[in-house]
Amino acid sequence: MFWRLLWKLLRASSGRLTVAILALVSCAMVVSALLNLEFDIERKLTQEFRMLGANVLISPGNAAQATGIGPGEPMSESDVSGALQDLEDPAVVASAPFLYVVERVRDTPVVVAGTKLEELPKLEPAWRIDGAWTSPQDHLNSCVIGRNVARQFQLLPGGLLNLTYLGKSAQLTVAGILDAGGTEDNQVFVQLAKAQDLAGLNGQISLAQLSVRGTTKSISQYSARLAARLPAYDVRPIRQVTEAESDLLNRIRLLVVSMVVLILVLTALCVLATMAALAMERRQDVGLMKALGGSIERIVALFMAEVGVLGAAGGFVGAILGIVLSRWMGQRVFGTAISSRWEIFPLTIALMVAVALAGALPLRMLGKVKPAMIFRGE
Amino acid sequence: MFGRLVRESFVRNPRRKLLTAAALVVGMAVATSTLTIVLEVGDRLAREFRSLGANLLVTPQSDTLPVEIGGVDYRPVDEGAYLSEDALGKLKTIFWRHNVLGFTPFLDVPALVNGSHEMKTTLIGTWYEHEVSVPDGTTFKTGLSFTHPSWKIQGRWFRDSANEAVIGANLAARDPEVFAIGKKIRVAHSGSANAAWDLVVTGIVSTEGSEDNGIIVPLSFAQRFSGRRGQFRELFVSALTKPADSFSERDPLKMTPTEYDRWFCSPYISSISYQIKTVLPGTDVRAIRRVADTEGSILSRVSTLLWIVTLTALGAAALAVAATSATTVLERRAEIGVMKALGATNALVAGIFLAEQLLLAIAGAAVGFVVGAVLARSLGASIFGTAASVRLILFPVILGLAAIVALVGSLIPLRRAAHFNPAPILRGE
Numbered sequence: 001m002f003w004r005l006l007w008k009l010l011r012a013s014s015g016r017l018t019v020a021i022l023a024l025v026s027c028a029m030v031v032s033a034l035l036n037l038e039f040d041i042e043r044k045l046t047q048e049f050r051m052l053g054a055n056v057l058i059s060p061g062n063a064a065q066a067t068g069i070g071p072g073e074p075m076s077e078s079d080v081s082g083a084l085q086d087l088e089d090p091a092v093v094a095s096a097p098f099l100y101v102v103e104r105v106r107d108t109p110v111v112v113a114g115t116k117l118e119e120l121p122k123l124e125p126a127w128r129i130d131g132a133w134t135s136p137q138d139h140l141n142s143c144v145i146g147r148n149v150a151r152q153f154q155l156l157p158g159g160l161l162n163l164t165y166l167g168k169s170a171q172l173t174v175a176g177i178l179d180a181g182g183t184e185d186n187q188v189f190v191q192l193a194k195a196q197d198l199a200g201l202n203g204q205i206s207l208a209q210l211s212v213r214g215t216t217k218s219i220s221q222y223s224a225r226l227a228a229r230l231p232a233y234d235v236r237p238i239r240q241v242t243e244a245e246s247d248l249l250n251r252i253r254l255l256v257v258s259m260v261v262l263i264l265v266l267t268a269l270c271v272l273a274t275m276a277a278l279a280m281e282r283r284q285d286v287g288l289m290k291a292l293g294g295s296i297e298r299i300v301a302l303f304m305a306e307v308g309v310l311g312a313a314g315g316f317v318g319a320i321l322g323i324v325l326s327r328w329m330g331q332r333v334f335g336t337a338i339s340s341r342w343e344i345f346p347l348t349i350a351l352m353v354a355v356a357l358a359g360a361l362p363l364r365m366l367g368k369v370k371p372a373m374i375f376r377g378e
Numbered sequence: 001m002f003g004r005l006v007r008e009s010f011v012r013n014p015r016r017k018l019l020t021a022a023a024l025v026v027g028m029a030v031a032t033s034t035l036t037i038v039l040e041v042g043d044r045l046a047r048e049f050r051s052l053g054a055n056l057l058v059t060p061q062s063d064t065l066p067v068e069i070g071g072v073d074y075r076p077v078d079e080g081a082y083l084s085e086d087a088l089g090k091l092k093t094i095f096w097r098h099n100v101l102g103f104t105p106f107l108d109v110p111a112l113v114n115g116s117h118e119m120k121t122t123l124i125g126t127w128y129e130h131e132v133s134v135p136d137g138t139t140f141k142t143g144l145s146f147t148h149p150s151w152k153i154q155g156r157w158f159r160d161s162a163n164e165a166v167i168g169a170n171l172a173a174r175d176p177e178v179f180a181i182g183k184k185i186r187v188a189h190s191g192s193a194n195a196a197w198d199l200v201v202t203g204i205v206s207t208e209g210s211e212d213n214g215i216i217v218p219l220s221f222a223q224r225f226s227g228r229r230g231q232f233r234e235l236f237v238s239a240l241t242k243p244a245d246s247f248s249e250r251d252p253l254k255m256t257p258t259e260y261d262r263w264f265c266s267p268y269i270s271s272i273s274y275q276i277k278t279v280l281p282g283t284d285v286r287a288i289r290r291v292a293d294t295e296g297s298i299l300s301r302v303s304t305l306l307w308i309v310t311l312t313a314l315g316a317a318a319l320a321v322a323a324t325s326a327t328t329v330l331e332r333r334a335e336i337g338v339m340k341a342l343g344a345t346n347a348l349v350a351g352i353f354l355a356e357q358l359l360l361a362i363a364g365a366a367v368g369f370v371v372g373a374v375l376a377r378s379l380g381a382s383i384f385g386t387a388a389s390v391r392l393i394l395f396p397v398i399l400g401l402a403a404i405v406a407l408v409g410s411l412i413p414l415r416r417a418a419h420f421n422p423a424p425i426l427r428g429e
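Top line first, the protein sequences correspond to chains H and W.
If you're matching positions, the first sequence starts at 1 in the working numbering and goes up one per residue.
If you're matching positions, the second sequence starts at 1 in the working numbering and goes up one per residue.
Watch out, some of these pointers could steer you wrong.
What the hints assert, rightly or not - Heads up, simulated SDA-like pairs for lysine to any residue below, C-alpha to C-alpha not over 25 Å straight-line:
#1 W/242 / H/251
#2 H/122 / W/244
#3 H/168 / W/67
#4 W/183 / W/173
#5 H/168 / W/68
#6 W/242 / H/334
Stated by the list, open to error - According to the in silico footprint, chain H covers these stretches of chain W (three or more CB under 8 Å from chain H):
#7 22-34
#8 43-50
#9 56-67
#10 315-321
Hints listed in this document are in silico derivations from the structure and should not be mistaken for laboratory results.
All values reported here derive from a predicted model rather than from experimental measurement.
A virtual CB, placed ideally from N, CA and C, is assigned to each residue, including glycine.
From just these sequences and the hints, can you work out the full model?
Pasting the structure below:
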């Protein structure tokens with residue numbers, strides 16, 4: 001009986017309910033899209049923040065420095081790369097070892113950094129290169145030079161650079177010219193093996209840099225694991241970068257959440273408007289139900305159930321549309337679709353039912369309807 | 001007659017208008033606050049990004065290559081080019097001077113410091129909070145506290161005129177006995193031990209960079225120590241910029257005059273560095289790519305995102321207002337029936353209803369604007385720490401939006417009302 005009445009009521013005022021359901025569906029769509037975004041924005045933005053470059057450094061430990069040997073004491077390349085392989089983690093975007101040596105170009109001292117040239121664009125996506133990172137013909141003998149070095153020695157991509165170090169010398173092909181806007185503009189980047197060979201420091205590196213994706217917490221957890229694996233060395237996250245990241249992230253999330261709340265209030269109001277009108281229209285029905293002996297609770301429950309069904313239906317359709325919208329938003333804003341979470345689905349439906357019920361509060365006025373007055377036509 | 005009808009409608013049944021008015025107020029408040037925030041967010045976030053530190057680096061153009069490893073410049077003091085400190089005030093005279101939030105000169109000098117044994121280190125001469133006199137007669141306070149806000153100090157910073165020093169955390173960890181706050185340290189030139197200077201340690205700084213291996217001292221001290229009075233080697237500038245796009249990356253020399261003006265008058269990082277270069281001749285001004293590009297990419301993404309969110313919020317607001325307007329028209333079918341029975345034309349009925357809606361829209365938008373302004377201020381305060389300033393230019397926009405939405409919302413049911421046959425309505429069917 002209850003359900004049959006409910007069905008009849010829904011059918012009878014379908015025109016009026018269209019407005020409410022339209023509002024609910026559009027609200028559910030926006031809310032579920034924003035919630036999807038809210039859950040995924042952290043991952044998306046931390047990925048963007050990787051443009052800041054390395055955020056975890058492995059350097060020779062303080063133990064080595066305390067003896068007064070200085071920061072130049074090298075580390076073992078195999079130790080570091082072994083530890084990185086053991087702790088393989090998809091959050092590590094890029095990692096590169098560095099060996100710094102001062103070598104000479106035409107009798108001018110220049111800092112030469114031996115590294116994995118092919119890792120550099122992943123490690124430092126903000127660096128611009130004129131030319132290529134490695135030259136395809138001669139992988140080992142290619143180098144990338146900073147723009148100040150290029151200006152000093154008037155070199156262009158494809159040119160030849162002679163490096164000398166304590167009598168040894170090497171001729172390298174300039175694959176590209178680097179614009180980093182920092183001290184790197186004064187350096188020459190070569191393949192690690194080449195630098196080790198020239199300096200006679202086989203298997204040694206002076207620093208390793210990692211770019212790790214994630215929150216402040218997950219990055220420090222990863223670097224703690226790495227530190228436990230490399231007790232002799234100093235592993236530390238670059239805190240200033242990760243702190244600025246999470247601060248900005250929190251502000252952006254707060255913005256999105258406040259927008260969601262505003263939209264929810266707005267939709268509740270829209271449902272309220274429709275329901276108030278509906279309540280006025282239904283006074284006759286209510287009068288009739290009461291005259292036939294229906295209790296107020298039962299009548300209100302009937303109307304509330306009607307609104308609840310409306311909210312659930314709106315939430316269901318809206319959540320599906322919201323997934324489509326969030327995919328489009330992700331594609332438009334970040335270039336990759338936002339992955340949708342299944343939790344959002346029931347959450348959106350629950351929110352919509354709650355909003356619809358809140359909007360339906362004026363239906364309680366129906367409890368005051370006196371059948372006699374209605375039938376008298378007042 | 002027309003005016004009286006409209007007035008009567010308001011006076012006779014104010015409760016009926018309440019719903020539409022409420023929807024208008026809330027809808028327009030949402031529109032005002034979201035628009036205010038989205039218009040302001042770029043500026044605010046750009047300012048937030050300055051916590052990442054400086055985004056421009058100024059170096060002498062004719063410099064020799066710095067031989068710098070781990071933050072220690074191994075070049076002798078007499079090699080390479082220097083810049084003059086006197087010209088720095090001019091940075092606050094460029095077109096985008098208000099976007100220059102701070103700048104800090106650096107002069108690195110290799111030195112020996114006495115510990116339990118002598119240690120090679122670098123004296124980093126700079127400003128913490130320094131008053132720079134600007135050519136227009138004012139002064140500008142700048143230094144590390146503006147360009148390197150993430151550096152964490154334990155103890156206090158040096159005073160700019162005193163023989164005081166702040167020790168890098170790594171260096172301090174090497175000999176905690178010697179490098180303790182309040183202790184005196186002795187620094188001398190590497191190579192010759194004849195001239196030694198005493199410095200009082202006032203703090204230990206953690207920069208997470210190469211400066212952690214050095215000693216940070218007032219610029220004036222580093223200049224006296226190296227005999228380079230009034231000079232420095234590098235200048236870090238923190239400037240508010242607009243995200244770079246394909247236009248900003250073009251070569252200014254190849255632009256047409258109007259394009260050049262547009263480029264010059266936009267706070268792109270390229271135009272600001274160009275302007276700095278004109279007031280500091282003989283320098284090379286470069287964007288610090290890591291900072292500048294991260295900022296640019298995140299700013300443009302976040303503002304696209306917020307525009308989408310704002311537009312959807314505006315859509316929801318419009319729908320709510322339109323729905324309530326439609327409801328009020330439907331509610332008054334009986335009234336419409338009476339009017340038509342008394343000989344009112346469809347145009348007159350529509351005119352009366354639209355006039356009512358328009359009045360409501362104007363009133364609702366005005367109140368909504370005020371509510372939205374308050375909302376935007378408190379939202380801005382909770383998100384950015386300072387209240388967002390509401391632009392008055394938004395008021396006509398909101399007013400127009402409210403009018404359009406309310407009119408469109410009532411037009412659809414009014415068109416249906418045109419087909420009403422008064423007789424069944426009056427019979428109560």
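Decide if the proposed pair is consistent with the structure: residue 183 of chain W and residue 173 of chain W, CA atoms, cutoff 25 Å inclusive.
Holds: residue 183 of chain W and residue 173 of chain W sit about 15 Å apart, inside 25 Å.
Does residue 334 of chain H lie within 25 Å of residue 242 of chain W when you go C-alpha to C-alpha?
Holds, at roughly 19 Å.
At a Cβ distance under 8 Å, does chain H reach at least three residues of the segment 56-67 of chain W?
holds (count 6)
Closer than 8 Å Cβ to Cβ for three or more residues is the test here. Does the segment 43-50 of chain W pass it with chain H?
Three-residue rule met by the segment 43-50 of chain W, so holds; n is 3.
Three residues or more, CB to CB closer than 8 Å: is that satisfied between the segment 22-34 of chain W and chain H?
Holds: 7 residues of the segment 22-34 of chain W have a Cβ under 8 Å from chain H.
Hinted pair, alpha-carbon criterion (25 Å max): residue 168 of chain H, residue 68 of chain W. Please report holds or violated.
22 Å, holds
Between residue 122 of chain H and residue 244 of chain W, is the straight-line Cα distance small enough, at 25 Å or below?
21 Å, holds
Check the hint pairing residue 242 of chain W with residue 251 of chain H against an upper bound of 25 Å on the C-alpha distance.
19 Å, holds
Tell me if chain H covers the segment 315-321 of chain W under the three-residue, 8 Å CB rule, please?
holds (count 5)
Are the Cα positions of residue 168 of chain H and residue 67 of chain W separated by 25 Å at most?
20 Å, holds
Of the numbered hints stated above, none is contradicted by the structure.
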